[in-house]
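Colleague: As a plain string of letters, each chain reads:
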Amino acid sequence: MKIDAILEIRGTGVSPGIAVGHAVKIEREADTESRSLFAPVNVNAELQRFETALKAACDALSELCQQRGGIPKKDLEIFEAQQLILEDEEFQNSVVQAIKEASLCAEVAVHDTAEKISLQFEKMQDEYFRQRAADVLDVGNRVVQILKGRTETDWRSGLTAQSIIVAEDLSPSDTVQLDKALICGLITGKGGKTAHAAILARAMGIPAVVSAGTDIDSIKNGDTLILDGSAGLAFCRPDAAMLKEYQLKLQECRMMMAEKKKMLLRLPAETKDGLQKILLMANIASPEEACVAAESGAMGIGLFRTEFLFMDRSEMPDEDVQFRAYRAAAEAMQAAPLTIRTLDIGGDKGLSYLHTEKEDNPFLGCRAIRLCLREKSLFRTHLRAILRAAIYGNVQIMFPMISSLDELRAAKSALEEAKQSLKEDGIAYAEHPLVGMMVEIPSAAIAADLFAAEVDFFSIGSNDLIQYTTAVDRMNGQIANLYDGTNPAVIRLIKMTIDAANAAKIPVCMCGEMAGDPAMTKLLLGLGLRSFSVTSSGLLAVKEMIRSTSMSDACREAERALRLPVKSVDPSFNADREECTT
Amino acid sequence: MKKVTAFVQSSMGLHARPATDFVKCAKSFSSSITVTHDGKTVNGKSILNILSLGVPHGGEVLICADGSDEERAAALLASILSENGE
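From first to last, the protein sequence lines are chains A and B.
With the first letter of the first sequence counted as 1, position 561 gets the number 563 in my numbering; the numbers rise by one all the way through.
With the first letter of the second sequence counted as 1, position 28 gets the number 396 in my numbering; the numbers rise by one all the way through.
The reader is advised that the hints may include incorrect statements.
What the hints assert, rightly or not - To give an idea of the chain A side of the interface with chain B (calculated C-beta under 10 Å), a few residues:
#, residue
1, GLU79
2, ALA83
3, GLN84
4, GLN85
5, LEU86
6, GLU89
7, GLU92
8, ASP114
9, GLU117
10, ILE119
11, PHE123
12, MET126
13, TYR130
14, PRO319
15, GLN480
16, LEU484
To be verified - Here are the simulated lysine-lysine pairs, DSBU-like style, with alpha carbons at most 35 Å apart:
#, chain 1, residue 1, chain 2, residue 2
17, A, LYS118, A, LYS102
18, A, LYS150, B, LYS371
19, A, LYS102, B, LYS395
Since the hints were derived computationally from the structure, they do not count as laboratory data.
Glycine residues also receive a C-beta, built at the ideal position from the N, C-alpha and C atoms.
Modelling step: build the complete structure from the supplied sequences, incorporating the hints.
Modeller: If you want it as structure tokens, here you go:
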């Protein structure tokens, strides 16, 4: 083997997977070229040119904001931010000033302004904000290209199948316009994990390595290239043996991924030893998501958040609007259960048309069921819509934020009143949908046996249960490390709730974020949980975990967790800290 | 003039996405908007200014709205920062 001929390049893997292809180098023309345009100018004409180019750049960006090629909408929002940079007074004034006072041509004025602003970002401490320098330069470059009358697709015409992009740095707009059918990987000299190029590469599923340094200069156009986005490695000009090895790996990877997904979808959610069958359901926030949930293998909806209908509008959605939405979800799920949670709003999430009072402690205030029991007509309309929709599927009703038996009873009698009023109006409704409650307040968990006697099912809301048990506002960054689902007190409350449900022979599910965290699956199984409700995209990961867990291990883990914290449930806290220190 | 103190809840701080929402919202009001963080005060309608503050997760900001719609502007802008963007 001619090992010495192979160039090994080390960088940071930011998007996993293996790619084998040929190098396509993108070289930006030197910035100094625009200096050649340094000549006396007609100030008014340059201002006019700048304005026209600005508008064209803005239009191009709004086009980029449109959904394309399966990239999640949130990953395209960076172009909205770039649009705002274009429109930014500071940016525009600074360019105009440069044209007027220094008599610069528009190209140079834009280029210099973008560079000046990006330098300010590069000086910032936080890695994330430093990366924004790239966005400012990207915006500036876009305008300069338009001023020069160039289209930006020049290098794209050189692409053929199995291209691996090699570049010093990729702007977000470069990355989003990469054609996934032709490009199988990308490697850059600069960039970091939080650069938008990295985020977009992950979203598009293209293996990517960044910060490979100056080694990439030795890659020539057309060189055969192997990219390992998981290990952060690249091999340039590999020999036949190595090429074969990686092509095999690539094939295996592809087959495994596709097969695994397909198989997992079909396989039952049962523990490794076959002892326990688990009910896997999905959390949704709109009727459209019900179809996605069913396709992702959800056996029902454990939590249908109804808030979406009430937000972003100036008045209450009327009964028919609500009815149609709930009915659509019920029909999409057919016979599978659809658990509709009644309105969980108030406190910090006020509705403009409700005129809620400002509270000192909104999370301990008039929210969810407490608000609904006060706003009687709102609640009646809401319940009537749910009862009517319940005809069209297997609808269950769930009350959030129950803290006392009186509240539960009041909610249940409001439901009976809603039925009565529908009967009087001669409108069809389901007579006996199952009625359950969220267990998310310690008082409900501690007295779970009392509540279990009066409901058809429990659903544990882990987010609030952790927050209220540990007295930690999970949104407060200063104490985020105390927000810990593995606090033995929280684990004990979960156990008490599950035990009370089992004793009363009613089902118990968990629908909080804890249920969707694969690192918690084993523990929850050990505590006796047999029903999980998680976001559709997280279903397979939890199922995989269930299938690799044996009940004896799970019980041991639970036994330990009741005494000792296992690990922090909120990885974002630690991740944030890490990023700040790099 | 209406002043409101808010804390940035987005897990990555006041980064591009929440800053975009914030500036778009700020621009919809006629009141002048300023944002102060760590002793630095900037124009709330400029995304470059807002990003340049580099407000981390949990960071405290003071929003000042001055004008005919200052009440609504301050309240709405504070609520945008209090959303957990990711």
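Colleague: Evaluate each hint against the coordinates.
Modeller: Hints, verified against the model:
The criterion of a C-beta within 10 Å of any C-beta in chain B is met by A:GLU79, whose closest approach is roughly 5 Å, and the hint holds. Below 10 Å, beta-carbon pairs count as interface contacts, and A:ALA83 has one with chain B at about 4 Å; its hint therefore holds. Interface hint status for A:GLN84: upheld, as the beta-carbon distance to the closest one in chain B is roughly 9 Å, under 10 Å. Below 10 Å, beta-carbon pairs count as interface contacts, and A:GLN85 has one with chain B at about 9 Å; its hint therefore holds.
For A:LEU86, the shortest C-beta to C-beta distance to chain B is roughly 4 Å, which falls under 10 Å, so the interface hint holds. Checking A:GLU89 against chain B by beta carbon gives a least distance of about 8 Å; that is within 10 Å, so the hint holds. Because the closest C-beta pair between A:GLU92 and chain B is about 5 Å apart, less than 10 Å, the hint holds. A hinted interface residue such as A:ASP114 counts as satisfied when its beta carbon comes closer than 10 Å to some beta carbon of chain B; here the least separation is about 15 Å, so the hint is violated.
Because the smallest distance between the Cβ of A:GLU117 and any Cβ of chain B comes to about 13 Å, over 10 Å, the interface hint for this residue is violated. Interface hint status for A:ILE119: upheld, as the beta-carbon distance to the closest one in chain B is roughly 6 Å, under 10 Å. About 7 Å separates the beta-carbon of A:PHE123 from the nearest beta-carbon of chain B, less than 10 Å, and the hint is met. Taking 10 Å as the C-beta contact cut-off toward chain B, the hint placing A:MET126 at the interface holds, the least distance being around 5 Å.
About 6 Å separates the beta-carbon of A:TYR130 from the nearest beta-carbon of chain B, less than 10 Å, and the hint is met. At a threshold of 10 Å, the smallest CB-CB gap from A:PRO319 to chain B is about 20 Å, leaving the interface hint violated. Residue-level restraint check for A:GLN480 holds (minimum Cβ-Cβ distance to chain B is 6 Å; threshold 10 Å). Against a cut-off of 10 Å between C-beta atoms, the interface hint on A:LEU484 is violated, since the closest Cβ of chain B lies about 13 Å away.
Between the alpha carbons of A:LYS118 and A:LYS102 the distance comes to roughly 17 Å, so the proposed pair stays at or under 35 Å and holds. Taking the CA atoms of A:LYS150 and B:LYS371, the gap is near 46 Å; set against the 35 Å cutoff, the hint is violated. About 27 Å separates the Cα atoms of A:LYS102 and B:LYS395, which keeps this hinted pair within 35 Å; it holds.
Figure legend: structure checked against the earlier numbered hints; hints not met, in rising order: 8, 9, 14, 16, 18.
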